[in-house]
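Heads up: the protein sequence lines correspond to chains V and H, in order.
The numbering used here puts the first sequence at residues 1 to 192.
The numbering used here puts the second sequence at residues 1 to 509.
A couple of the hints might just be wrong.
Claimed, not checked - Simulated pairs of lysine to aspartate or glutamate, EDC-like, Cα-Cα distance not exceeding 16 Å:
hint : chain 1 : residue 1 : chain 2 : residue 2
1    : H       : K347      : H       : D291
2    : H       : K201      : H       : D298
3    : V       : K185      : H       : D298
4    : V       : K185      : H       : E57
5    : V       : K51       : V       : D94
6    : H       : K15       : H       : E229
Rather than coming from a laboratory, the hints here were simulated on the basis of the structure.
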Amino acid sequence: MADTLNGSAKRDGLFSFLSRRRFLKVSLVASGAILGVGGGGLLALRGGAPKVEGLRVLDPHEYRTLQSLVEVMLPRTNAIPIDAGSMDLPRAFDTFLADQPEHDVADLQKAIVLIEFGPLVFDKKLTTFSRLNAAERTEHWNAWAVSESLLRRQVSIAMRKFFNLVYFDHEQVWPHIGYPGPSMKRQGWSKP
Amino acid sequence: MSGAIIDLSREAAPKAITAEICVIGSGSGGATAARLLAEAGRDVVVLEEGRDLVGPERTQRDRRMYDQLYMDRGGRASHDLSVSVLQGRVLGGGGVVNTCDVVPIPEGVLRHWAGKYGLEDFAPERFKPFTEDALRDLSASRIPESLVNLANNKLRQGAEALGLRGEVMLHNRVGCRGLGTCLIGCPIHAKRNPRMVAIPKSLEAGARIFTRARAVKIRKAGQELKEIEVRTLDADGYHEQHELTVRAKIVVVAANAIASAQLLLRSGIGNSQVGQNLTLQPQLPIIGIFDERIAAFDGIPQSYAVTEFEEDDNSEFGLWGFRIEGIMGTPGIVSSLLPFSGSPGMKGMAQYDHMAPSLLLAPDAPSGQVEVARDGRLTIRYEQRDDHRARLRRAVETAAKVYLEAGAREVLVPTAPPLLIRSAREAQQARQLTFAPATAPMISAHQQGSVRFAATARDGGADLNGQVYGTRDVYVFDSSGFPTSASSHTMTPIIASSRMLTTKLLTRI
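For reference, chain V alone in the conformation it holds in the complex:
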């Protein structure tokens, strides 16, 4: 994580949208729902997650949540028949986080927890995001972008910005969107 001296590198970035106060408010709502299940019940609800080698920041549960998210954000379709799973976008997120200021990392990890328990907190469903089937997960996630809750809209924007940017930077996607790639190569300019 970014080492800051006297906090001088701290700044308001795309991923620092969860102010402590705002998150506290959401956490209170969330904890109300969670209390109904109980702490042990919560963990049981989330279930186990397979071990993932080489993660620098994320834990396996967070990694799994992002895998589940990417599946619905960037699905294989007729228009773009690419499997985002092959790109390991959650690991790209992990790599990104490893060089972010600590407060951004903490905020993002809270956002991932919120996504995972979103069905419970916002839809009052006794399940988690990763456990929803693809259709339910898609419907649930699409509701974040147009939610009455500013926080949910913010999380939606932040995730979309990161994962879309990384996904569409992949060369294998370009033929399906009509992008022929960087013009330097196309024009045969190896050096300026």
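Put chain H on the given structure of chain V with help from the hints.
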């Protein structure tokens, strides 16, 4: 004597550096000041947080370039994430990552500033020579017709059919090959920006330029010899490494309207006006989608502007109204602005080469704030005002009609939920847009006004020489000083005003 660019991520940093003048920031304001001061024989040190990223390192790839060329790795945003705040972090600053639009401060705005804010040096006749010098620095010229791409021509075609005034814009490119990635750096250096003009001139005149050097605090701002606390950064600019002190008699802060105010606030210097009166000039993208292939990613992304609705003589704010300008980005950035996920998002991006996007530029009232908390965390506080929403609604409706007139199959307004417009009648739906926070991909590329120039400390953060109130020889020479939006594009205004303020400074020292 020849100067040097010293990358502090690669070379051992000294414990202390002494110079007569320390310039913080190497963009339009800082590089211009450094050049003029060095050419006048002054001992100048420049501090730049970014690094000198040139030639083949400008890879035309979204992910790496946003990471390396923009502040906060491209992720800077207003407090509620409603506005993405784009700020260059590279040697040469914003001029390296802009779309080369050369738009001087309109005369109406200059008159407004001189009359309402007492900025006599900005009166049109007095300011004119500095604008002319700036235009020469930039090798400004009209974009040749051969470089106006199909996407911009669609905008022009629709505007002309509707009888709307517009123009092919002025730019600062020489030898442009239409590579199309202006927003993530030109790999062949066709931009005559501060990196290619003022920086080389500064070096020729002996300036020492330190990159990967983050100015953290200015100390002893009221004393003859100031101390700037600096942290060196690693090669990618992610982590702070070493600490050093720069001692200088004169400090010129030109780090952009966000970072300049942030530095002053973090240093605890200046009056209560520092950080106030921020304008973000938020822009909204809109996309015409055509049956024919547009390939807007080739050629100059921004070359035509519809100027029919722009005013420069609004009695309260000077620049007002709105303009519509063609634009395009690489796939990553375009996709990140689209409002939908899943299959609709994939379907939307599959039309990437059929898109002709525009930006709707509406100047805003100076109502935002730059804040720095005790723990050092920056907040860009910004609430969109009703008058801005109203002008954006009108701009959306107009732009939709323009694209439909040019033959667009549909027009996408990338709000959440998205608005798809397929007829002039449907364009009226734009009147219902709420622009609630974090529902529209607003972009700010022209932050201004956080340390306003004013004749008295009651009205602004810096005096008419750019000197920060309450300090001795600590100046701001960038867009922080502009009392209202200077122009639809700020590079030329900043260079011209930095030239004027530096010329004045040289008469006093």
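Each hint tested on the structure:
no. : hint               : result
1   : H:K347 with H:D291 : holds (14 Å)
2   : H:K201 with H:D298 : violated (32 Å)
3   : V:K185 with H:D298 : holds (13 Å)
4   : V:K185 with H:E57  : holds (14 Å)
5   : V:K51 with V:D94   : holds (15 Å)
6   : H:K15 with H:E229  : holds (11 Å)
Hint violations for this structure: number 2 only, all remaining hints satisfied.
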